[in-house]
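Please construct the entire structure, taking both the sequences and the accompanying hints into account.
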Amino acid sequence: MKTVITDNTLAHLKYDGEHISGDTLRIYAKSIFTCGADYLEINTDTAIKMALEDFSERYILRIENSYDFGYCMGIRFAYVTVPLRLAARIERLPEDQQVILEINADEYSAHALLTYVRRFTFIRRVSVIRLTGLLDSSGENIENLLKWCRQNLSIPIDICPLNTMLTGVNDAVSAYLSGAAMITLSFGRGHYYTSLEQYIINLHINRRTFIHDDVIKAICVASFMFAEIFSAIPTGLANIIDIDNEISGTVYEIESGIIYRPYRARKIPRSPKGETAVDRKIKSIGLEHDIESAIIDMLKKVNFSFYKEITKRNLID
Numbered sequence: 049m050k051t052v053i054t055d056n057t058l059a060h061l062k063y064d065g066e067h068i069s070g071d072t073l074r075i076y077a078k079s080i081f082t083c084g085a086d087y088l089e090i091n092t093d094t095a096i097k098m099a100l101e102d103f104s105e106r107y108i109l110r111i112e113n114s115y116d117f118g119y120c121m122g123i124r125f126a127y128v129t130v131p132l133r134l135a136a137r138i139e140r141l142p143e144d145q146q147v148i149l150e151i152n153a154d155e156y157s158a159h160a161l162l163t164y165v166r167r168f169t170f171i172r173r174v175s176v177i178r179l180t181g182l183l184d185s186s187g188e189n190i191e192n193l194l195k196w197c198r199q200n201l202s203i204p205i206d207i208c209p210l211n212t213m214l215t216g217v218n219d220a221v222s223a224y225l226s227g228a229a230m231i232t233l234s235f236g237r238g239h240y241y242t243s244l245e246q247y248i249i250n251l252h253i254n255r256r257t258f259i260h261d262d263v264i265k266a267i268c269v270a271s272f273m274f275a276e277i278f279s280a281i282p283t284g285l286a287n288i289i290d291i292d293n294e295i296s297g298t299v300y301e302i303e304s305g306i307i308y309r310p311y312r313a314r315k316i317p318r319s320p321k322g323e324t325a326v327d328r329k330i331k332s333i334g335l336e337h338d339i340e341s342a343i344i345d346m347l348k349k350v351n352f353s354f355y356k357e358i359t360k361r362n363l364i365d
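Per our numbering, the very first residue in the sequence shown carries number 49; after that it's consecutive.
Heads up, some of the hints might be wrong.
[What the hints assert, rightly or not] Just the calculated beta-carbon pair ranges, DEER-fashion:
id, residue 1, residue 2, range
1, 52, 167, 21 to 29 Å
2, 154, 60, 16 to 24 Å
3, 262, 337, 23 to 31 Å
4, 167, 60, 25 to 33 Å
5, 60, 213, 16 to 24 Å
6, 192, 279, 37 to 45 Å
7, 341, 122, 49 to 57 Å
8, 105, 338, 35 to 43 Å
9, 163, 261, 42 to 50 Å
[As the list claims (entries may be wrong)] In the DSSO-like style, the derived pairs of lysine-lysine whose C-alpha atoms are separated by at most 27 Å in a straight line are:
id, residue 1, residue 2
10, 62, 195
11, 97, 265
12, 78, 265
13, 97, 62
14, 78, 62
15, 50, 195
16, 97, 78
17, 62, 265
18, 78, 50
Since the hints were derived computationally from the structure, they do not count as laboratory data. Glycine included, each C-beta is placed from N, C-alpha and C at the ideal position.
Structure follows, in structure tokens:
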């Protein structure tokens with residue numbers, strides 16, 4: 049079964065509605081779909097601004113208040129997302145409107161919250177349950193959680209992994225490999241929500257497949273449109289274009305306490321026979337030669353110092 053991807057950037061990030069046109073938002077949406085997202089989650093203000101004739105195929109409306117409930121009464125969306133605090137109102141929605149129930153949970157509370165909500169009558173109207181939070185610390189929790197859900201629930205599960213512990217991409221890939229029905233990500237985000245573009249890149253590395261040219265172009269277009277809409281550099285693009293520092297900043301893996309100092313290509317020529325400690329470490333893993341070369345080449349081009357970037361750039365999160 050295909051894992052469906054949702055991008056929620058336009059549902060959460062604020063932008064200047066007076067200076068951003070509906071055409072700009074529509075171009076951004078098109079590029080996000082080409083990147084690989086199946087659905088785009090938006091809020092009511094964005095839906096009004098985009099002014100599409102049909103939202104029923106690929107758009108999800110995020111409901112946060114009574115006004116949002118009223119708006120979706122007259123317009124059909126592929127789904128509407130309703131947070132648990134507003135779940136009692138789900139039964140007031142049109143019968144033909146599919147609903148995503150969003151639950152903020154972690155690996156310790158997920159089972160209890162799922163057991164709790166399935167007792168209510170509104171659950172019959174729920175098409176998908178989205179679990180948003182830190183759901184995996186061991187690498188096996190998401191797989192076990194989804195297995196439990198398949199045995200105890202008849203509702204598909206949408207995993208929205210947070211990146212507050214810098215593990216969001218790994219959790220998203222784990223959710224995909226474990227057969228999650230849906231995964232919700234956020235283009236350009238690097239801290240709270242998990243980056244859509246970094247997930248795409250990591251998934252291809254995991255599969256050992258090439259990224260299609262159209263997807264690469266779409267990521268570039270989406271990055272520039274993101275910068276125009278939110279007046280900020282998306283995290284994925286910032287990692288690639290940061291070439292003004294000779295030495296990359298340190299990255300801390302919070303859970304294990306390990307400190308990483310990413311390799312950065314020198315600006316002066318060096319002997320092709322020269323081999324760094326990073327090169328030797330990558331080659332010691334035992335990967336195929338092509339995979340080794342790809343990883344080493346990527347490390348030469350990419351700066352992973354996310355927290356350093358917060359202090360010097362206008363970045364989201």
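Provide an ascending list of the numbers of those earlier hints which the structure does not satisfy. 10
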